[in-house]
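J.: This is what each chain is made of:
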Amino acid sequence: MLSHADALAVALTVELAGLTTGLLLAIGTPIAWWLSNARTRWRAPVAALLSLPLVLPPTVLGFYLLILLGPHGPLGAATQALGLGVLPFTFGGLVVGSTLYSLPYVLQPLKNTFDGIGRTPFELAATLGAGPAARFFTVALPLARPGIVVAAVLGFAHTVGEFGVVLMIGGNIPGKTRVVSVALYDHVEALEYADAHRLAGGLLVFSFLVLLAIHSSRAAPKPI
Amino acid sequence: MPPRSLSDEDLRIRAPGGATGVRFRLRGGRGSFAIDVDLDVPRAGITALFGPSGAGKSTCLRMVSGLDRGRGEVHVLGECWQDDARGVFVPVHRRGVGFVFQDHPLFRHLSVGGNLAYGRRRAAARGRIDPDQVIDRFGVTPLLDRRPDELSGGERQRVAMAQALLAQPRLLLMDEPLAALDARRKAEILPYLERLRDDLSIPVVYVSHVMEEVARLADHIVLLDAGRVVASGAIRDVLARLDLPIADGDEGGVLVDGIVQEHDEPNGLSGLAIEGGTLWVGRVDRPLGARVRVRALARDVSLALAEPGRSTILNVLRARVVEVRDLGADRVNVRLALGDAGPPLIARITRRSLVLLDLRPGVRVYAQMKSAALVL
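First to last, the protein sequences are chains A and B.
Using the working numbering, count along the first sequence one by one with no gaps and you end on 224.
Using the working numbering, count along the second sequence one by one with no gaps and you end on 600.
The hints are simulated quantities; they were obtained by calculation from the structure and are not laboratory data.
As the structure is a computational prediction, the values presented were derived from the model and not from experiment.
In this text, a Cβ means the ideal position worked out from N, Cα and C, and glycines have one as well.
It is possible that part of the hints are untrue.
[To be verified] Looking from chain A toward chain B, a few residues come up when the C-beta cut is under 10 angstroms (computed): (1) G116; (2) T120; (3) A125; (4) L128; (5) P142; (6) R145.
[Said to hold, decoys possible] Pair ranges (Cβ atoms, derived): (7) D327/B <-> A78/A: 44 to 52 angstroms; (8) S217/A <-> D354/B: 39 to 47 angstroms; (9) R254/B <-> P74/A: 42 to 50 angstroms.
Bound conformation, chain A alone (with noise of 0.2 angstroms):
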């Protein structure tokens, strides 16, 4: 069985994963919602920048992270101001670090949703009297629900199996900051082989069930 140690870690994991899921959809949702209607020269920069976590190493991310929130960043001095403390090397630095760098595998289903809808259902909206809001809530969000279970899934499969920004943001703070991925780490450079098969045997059938459900459903598609 797992020892105390992995045991926290596994729970602080699945904190981690499941706060920075709710924070995903909560602020993917709307920018996912504008990157597909959007119909200024800002929408393609920003929807580059959103996905540079695809392509840069996690340590580059984490670098700079580190960098803007510690004491001396710009937005470690407003987290001071806000009372809220220095981030880095707290529980409160990695949701943030894995907010941003699981951005994009939230966007990227939940914008392929809206984008599928068509204008039809909206332009009907408007003729009903429904304004942009009421568009969003009750046409956007109800017709978007699969893309949003998807996207819910990736975010925490991907929050789970991450490494770089969490070991430069956070550190290796038993029941702070030392989630399942670097707990597996430290067992691999102490040679405990038998605490790392745990580990790693356990990530393992968890992606791999996570990607069955997500192509299960989508093998067949239930009618809404």
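Using the hints, position chain B against chain A.
T.: Frame of chain A; chain B shown alone:
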């Protein structure tokens, strides 16, 4: 000046000239979809926007609704919806415009009842349209719990029309509402549209490229071609003009109003009283004295100088030649006045017949029509 949203107070601005019908002057679109129209639509009845595919009918309709952006102005029943000169553009959701789309979309995440309630709960508390009558007229009550993907094409269209009307629109726009339906579904929907025409107190603009539908439903017609208005007016007057391209084709012909005079049950015919005589048509399921509209195609009308004797053609009407127009090739259109100076009729004859019979304005003739071709 940038467009701005309007308060309810602004919406009460009277249209220029005190016009209380629907007036739009719009330019816009690109390439083959460019339009440039200036139209007055009467405040009651169905006005058809008629023309070939690509004439700009749908573009025009979408610009009036505000779904697409044209340049110019739109005034509806005393309200200003768009006036670029004053920087006014009311967003679609505040216009009170009903739009029936060609592919009759419904919200697939809602039941039929949910679809109908969507616009109804956003509608002005009191409107010109009686919701119970709409639900009854379109026969949607048995469908309320169904999902949109469980409906037939005809059912979807009925729900879509009821949905649009329950939002209490001040103007109803219909974009080829029958185009996506097969002939049987069309026949199923047309009576609903006819009742709509007879009940509604709001103006309706109906886009179609099918003359049969237009002849049956419309009170007014606007002919569009290449984004411009070719002619507009009461449908009877426009269809009787020989100078318009629609008079030349197979569909050329006029509308004749008749009153049901007698039913010949054994032979499956009904006799309609019209100026110049009795018109026999296939059995019309209407009571004696009812007014019916009949479409008389020019190619089904032939002319004789003397009253024909025994003939298989039942309909022989007295008429007088009013106008002759050469169509090129070997054919001419002849416009007649039924009786002496009654409603118009158009006959398509060969130029050889014209010369042989020496037909010219003022000549009295007998017009013969096949009965089978007359039923609308």
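J.: All hints, please: hold or fail.
T.: Taking the hints in turn, this is what the structure says about them:
1. G116: violated (12 angstroms)
2. T120: Constraint on T120/A satisfied, holds at 5 angstroms.
3. A125: holds (7 angstroms)
4. L128: Holds: closest Cβ of chain B sits about 3 angstroms from L128/A, inside 10 angstroms.
5. P142: This interface hint holds because 4 angstroms falls under the 10 angstroms limit.
6. R145: holds (8 angstroms)
7. D327/B <-> A78/A: 44 to 52 angstroms: At 50 angstroms between Cβs, range holds.
8. S217/A <-> D354/B: 39 to 47 angstroms: holds (45 angstroms)
9. R254/B <-> P74/A: 42 to 50 angstroms: holds (46 angstroms)
Hint 1 alone, counting from the list given before, is not met by this structure.
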